[in-house]
Amino acid sequence: MTALPASTERALGLVIDLDTCVGCHACVVACKEWNSGSSPAGPLSDTDAYGARPSGTFLNRVHTFEAVPADGRQPRVVHFPKSCLHCADAPCVTVCPTGASLKRERDGIVLVNEDDCIGCGLCAWACPYGARELDPVAGTMKKCTLCEDRIDNLALPEEDRIPACVRTCPAGARHFGDLADPESAVSRLVAERGGIDLMPEQQTRPTNKYLPPRSRDVDVLAPLLEPLPEEAGGFLGWLDRTLARL
Amino acid sequence: MHPAPSIIAFTTLSGIGFGLIIWLGLGAAPDATHLYALILCLLAAGLVCAGLLASLLHLGQPTRFLKAFSQWRTSWLSREAALAMTTLVVFALYAALWVTGTRFLPLGLFAALLAFKTVFATAMIYAQMRSVPRWRSVLTPVIFLLFALTGGALFAGVRGPTPWLLGALGLLQIVAWLWGDRALARSGTTLATATGLGEMGRPRLLEPPHTGQNYLLKEMVFVVGRRHAARLRVIGLVLAVVIPLALILPTEGRLAVWIAADVHALGALVLRWLFFAQAEHVVGLYYGKR
Chain A
1 MTALPASTER ALGLVIDLDT CVGCHACVVA CKEWNSGSSP AGPLSDTDAY GARPSGTFLN
61 RVHTFEAVPA DGRQPRVVHF PKSCLHCADA PCVTVCPTGA SLKRERDGIV LVNEDDCIGC
121 GLCAWACPYG ARELDPVAGT MKKCTLCEDR IDNLALPEED RIPACVRTCP AGARHFGDLA
181 DPESAVSRLV AERGGIDLMP EQQTRPTNKY LPPRSRDVDV LAPLLEPLPE EAGGFLGWLD
241 RTLARL
Chain X
1 MHPAPSIIAF TTLSGIGFGL IIWLGLGAAP DATHLYALIL CLLAAGLVCA GLLASLLHLG
61 QPTRFLKAFS QWRTSWLSRE AALAMTTLVV FALYAALWVT GTRFLPLGLF AALLAFKTVF
121 ATAMIYAQMR SVPRWRSVLT PVIFLLFALT GGALFAGVRG PTPWLLGALG LLQIVAWLWG
181 DRALARSGTT LATATGLGEM GRPRLLEPPH TGQNYLLKEM VFVVGRRHAA RLRVIGLVLA
241 VVIPLALILP TEGRLAVWIA ADVHALGALV LRWLFFAQAE HVVGLYYGKR
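Residue numbers (the UniProt record's numbering), protein chains in the order written: chain A, 1 to 246; chain X, 1 to 290.
Note that these hints are calculated values from the structure, not bench results. There could be a bad hint or two in this list.
What the hints assert, rightly or not - Pairs of lysine-lysine, DSSO-like flavour, derived with a Cα cap of 27 Å:
1) X:289 to A:32
2) A:32 to X:117
3) X:289 to X:218
4) X:117 to X:67
What the hints assert, rightly or not - Interface residues of chain A toward chain X, partial, derived using beta-carbon atoms under 10 Å:
5) 23
6) 24
7) 26
8) 67
9) 121
10) 135
11) 141
12) 167
13) 215
14) 219
15) 224
16) 226
As the list claims (entries may be wrong) - Simulated restraints, written as ranges between beta carbons of each label pair:
17) X:288 to A:52: 17 to 27 Å
18) A:161 to X:288: 33 to 43 Å
19) X:290 to A:77: 18 to 28 Å
20) X:66 to A:42: 16 to 26 Å
Built from N, CA and C at the ideal position, the CB exists for glycine as well.
Here chain A stands alone, though its shape is the one from the complex (with noise of 0.2 Å):
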């Protein structure tokens, strides 16, 4: 059904620390290669793989940004990964014709059912984040599951069972755990970093958080150097006082 439940018992989803990723673009491929291999409706497609104008599905992104301050600081570059958002108000879910678009009751992870799937492309067209892409071969719609296959998977090693993304994660950047709860260490985390919804004027209300990056005004390592010398000492000190003086 397409209709959005209410509510969800729980509500998981990622947190995405803007401050500690640093774009290496691994959760890209873990994704990649995690939903190529498990999804019994086939691979993220790729075609022109070796040609001249690749393309391919991808789950999850990272773009790179970067902030300009108007006063003339130097810019902040931010790597940024984006995937579903896994939305409570998710849009791309009421605009599906055929009920393949869904939230789930019980964690509020948005799937697609692909068997029920006619690739009319207008669930993407919904999402404000282009979190959901055409898979050209499979001719249906894929999207993040969540890694739904290895979260709840009592056959994975206990540290597996998170999204292939988090797993592979070397920065530690992307957290996974259930938003609803406001005791669980993600949503301890959004209520320490001050987390962020994007698009907020979308009204789509994400589960998923950022966590802006730290000010870098504060340096926090400085007070625990020893000061540089301003004045050198020995043998190059003097070559500096005397080719002063000349």
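Following the hints, complete the assembly by docking chain X onto the known chain A.
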């Protein structure tokens, strides 16, 4: 948005077809001969069916199209599909009676109402999209309905209201352009809200996620048509409104009306192409494009 030929053909042709059903259902062409009634009914149903078939070409899995009738409670696309089929069935019954000599107007009225709702549902598919600010306006269903009514009136040979419909269409189309050109800016969605980086400075794209194309860029970030938007607007308006008005105002001849209807349909195709090509999806912001 990518102006897919299948969707443009579908919305334009079936729009005119449903418009024709509305006028025929309301009793247009009262003195039509059996043969002329048959031609008009076949034209209406043919345009609708051609449009619906074209829409199937747009699907990635067209053989599963029956599933699209199931979600009419929530989805405008599903409502459109269900309404379109119901309209066709009711109209077929009305047409069969008319061609064989009985014009049963209550049934026609019902077909007209259904056709009106179908065009409205088609327009709402676009008007509901917050992600495409230019479409999210009451003007979208108004213009879709005006196109259907105008095209239908011209093909049905309706006299009185047609010049007024043409005038209203031209006027509201211009209003929609003026409004739509500022819709993205007014929506409040910017790269700053899309990334949440606004407080740190003015965000801009430093590196896209990949060097090649992707589905999102092909589907949502279509910039080619916008280059010639001003010229195409003039061409579209001249074809859809000005020439038909010039043809039907001075004469009563049936030939002039038929030519006016065809030229109008051509203009409708141009303007529908622009409706898609000009619409900016907010996902383009993530790619430094619009």
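Hint by hint, here is what the structure shows:
1. X:289 to A:32: With Cα atoms ~25 Å apart, residue 289 (chain X) and residue 32 (chain A) stay inside 27 Å; holds.
2. A:32 to X:117: Cα-Cα ~43 Å, so violated.
3. X:289 to X:218: 12 Å, holds
4. X:117 to X:67: 21 Å, holds
5. 23: For residue 23 (chain A), the interface hint holds, since the closest Cβ of chain X sits about 8 Å away, which is under 10 Å.
6. 24: 13 Å, violated
7. 26: 13 Å, violated
8. 67: 4 Å, holds
9. 121: Cβ of residue 121 (chain A) sits 7 Å from chain X, so the hint holds.
10. 135: 8 Å, holds
11. 141: 8 Å, holds
12. 167: 20 Å, violated
13. 215: 8 Å, holds
14. 219: It is violated, given that the least Cβ distance between residue 219 (chain A) and chain X is near 17 Å, above 10 Å.
15. 224: Constraint on residue 224 (chain A) not satisfied, violated at 25 Å.
16. 226: 31 Å, violated
17. X:288 to A:52: 17 to 27 Å: 23 Å, holds
18. A:161 to X:288: 33 to 43 Å: For residue 161 (chain A) and residue 288 (chain X) the Cβ distance comes to about 37 Å; the hint holds.
19. X:290 to A:77: 18 to 28 Å: 23 Å, holds
20. X:66 to A:42: 16 to 26 Å: 23 Å, holds
Violated hints, in rising order: 2, 6, 7, 12, 14, 15, 16; the structure is consistent with all others.
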